[in-house]
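So the chains spell out like this:
There are 2 protein chains.
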Amino acid sequence: MEDLIGSFEKKDNVSLGKMLKEVENQTPLSLEILKLSSFRKGKAHIIGVTGPPGSGKSTLVGKMCKKLATMDLRIGVVCVDPTSPFTKGALLGDRIRMQELAKLPNVFIKSLATRGNLGGLASSTADIVQVLDAYEMDVILIETVGVGQIEFDVLGVADTVLLVSVPGLGDTLQTLKAGIMEIADIYVINQADRPGADESVKDLNLMVKESGKREWSPPIHKTVATQDSGIDELIHDITAHKKYLERSGLWKEKRQTRNVTRLYSMIESLLAQRVEDHINREESLKAKVQDVMKGERDPYTTSHEIVDRLIAKHNSYQYGG
Amino acid sequence: MEDLIGSFEKKDNVSLGKMLKEVENQTPLSLEILKLSSFRKGKAHIIGVTGPPGSGKSTLVGKMCKKLATMDLRIGVVCVDPTSPFTKGALLGDRIRMQELAKLPNVFIKSLATRGNLGGLASSTADIVQVLDAYEMDVILIETVGVGQIEFDVLGVADTVLLVSVPGLGDTLQTLKAGIMEIADIYVINQADRPGADESVKDLNLMVKESGKREWSPPIHKTVATQDSGIDELIHDITAHKKYLERSGLWKEKRQTRNVTRLYSMIESLLAQRVEDHINREESLKAKVQDVMKGERDPYTTSHEIVDRLIAKHNSYQYGG
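Going down the list, the protein sequences come from chains A and B. End of the first sequence = 443 in the numbering used here, gap-free, step of one. End of the second sequence = 443 in the numbering used here, gap-free, step of one.
Because the hints were derived from the structure by calculation, they are not lab data. Each hint should be verified, as a subset may be incorrect.
Stated by the list, open to error - In silico BS3-like links for lysine-lysine, alpha-carbon gap of 27 Å or less:
1. B:163 to A:165
2. A:416 to B:408
3. B:163 to A:410
4. B:416 to A:365
5. A:374 to B:408
6. A:133 to B:408
7. B:157 to A:410
8. B:157 to A:416
9. B:165 to A:410
10. B:133 to B:143
What the hints assert, rightly or not - So the derived list for chain B, only partly shown, Cβ under 10 Å to chain A, looks like this:
11. 161
12. 370
13. 396
14. 416
Claimed, not checked - Across the chosen pairs, the derived CB separations fall in these ranges:
15. B:194 to A:406: 37 to 47 Å
16. A:395 to B:405: 20 to 30 Å
17. B:125 to A:338: 43 to 53 Å
Just so it is clear, CB atoms sit at the ideal spot from N, CA and C, and this is done for glycine as well.
One chain only, chain A, in its complex shape (with noise of 0.2 Å):
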């Protein structure tokens, strides 16, 4: 316990990467983690970038880790894309820049290895970027593939969402539109020296400005990572949606809603426990999930009588306890 105190004062990537560790497998000691960096909270700006696969995300995040490495800052990164060179088979070029980047005193990387097992992929993200931020990062960068259920929740944890596109993706842009459009900060079209750039600008302008007046009028920039072509001018828009969401308020009220969200994603796994349990206990209880899985009893009625069973109707009494 005291040894973990000290490295939460130490700040050394050695401890943090043995931390990490233990969070990510969620050891015993991991809760004790938990509980301590909860009350450490730095000032992170988190920042989730997210694309197809083949959008260059990985080379962005890169380029920008390291454009904010040489201002002094101290930068976490994390990586929840299983087709990121930084996760797998990174080609040798890539995982070149890579070991450059963790070369870097002040910046720090960590892989999520998904393992098939996609659920607590979010949990596990948000776990993570609350021990970065109470190491102190100022930045923390956390890569995603745009993808399924996985990237809407693992964006959750974020101040500022990138979406991160390439020229001429018609239908990609007609996709993103049904699902992504509300959750994007700002708009990177990369590979932008690629034909049809500017028309992706152009529909992205358009959708923008179809999806109604906001507070902040998401930005759309072009770049081309492997020239670090446009990383400043992004940087530099980055910086002005934390300068939004301080001012609005939104930057204090998102850490809220996630320390609430937190709260009860706990008490529900806490109480699907204890459901288990007691089902487990209870052979009537049992015999009656069994009907209910053979069709021969209604689900509807039978939760009722286990959550009754559970919580007894009458503990109001305990409640001075």
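For chain A, the structure is supplied; the task is to place chain B on it using the hints.
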């Protein structure tokens, strides 16, 4: 109540429409409808159809429906696709085709409005499907769009999942690879008269092979839905998949899993309500939640406190009751 039972007996589309409206709007009556329908499970084959906007899913669903109708089957169609002409913004031609379909006595079409709230969509879909199943539909087609978390949740209800794509969507395929591969039972390349159809089939074939040997190897179909081309062959394979499910025991297993899932999600929402009530009644707990929100109390310890208060640890003596 007797009216309800009467409705189930009659099986006319007018009472079905009324019931589904109750269920969709979660009126007090809806719970009775769901209880009753959970005992009246028919034998419907539940088919989910997904894919990006613009892939012609709606036309394909329409043509499949029309074909199935000629086979003297009762067909329910559920649309949870905000981009579908079934749900909104239909072109005149689409609208006429839909009206034609809806006129068939053995076809019932239900569109689920999203109303900006995607969260409850999956459970609404499951409810609607259950009632259609209780109405002894032979086939239930669920059309949904390949975007975000909705898709996975909605498709969880289906026995057979069709993934519809169009030629030349290289990027889409790459995206699919990361997310949808595992849940598709049948691939459809629609608009297969467009260039690149054979390449797309080849790409998909490779992906299927790469994904390893499975008991059911997903077939790949070329269709031109607007010209009724390939529909018969597709329906043939859908039937083959149903036979595979029955033979392997998965048919029964899926139904049992769905029943248990339903039970646990009902328990979960009842418990969430109890927790909410509990916190609202107790000033001291309210204050604790506020402290967690402000970051002054850790959510981990607090969640245990709240759950322990809600469920007296010594309530085991009540088990005999």
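Query raised in the report: Where does the structure disagree with the numbered hints, that is, which hint numbers, in rising order?
Result: Per hint list: 1, 2, 6, 12 violated.
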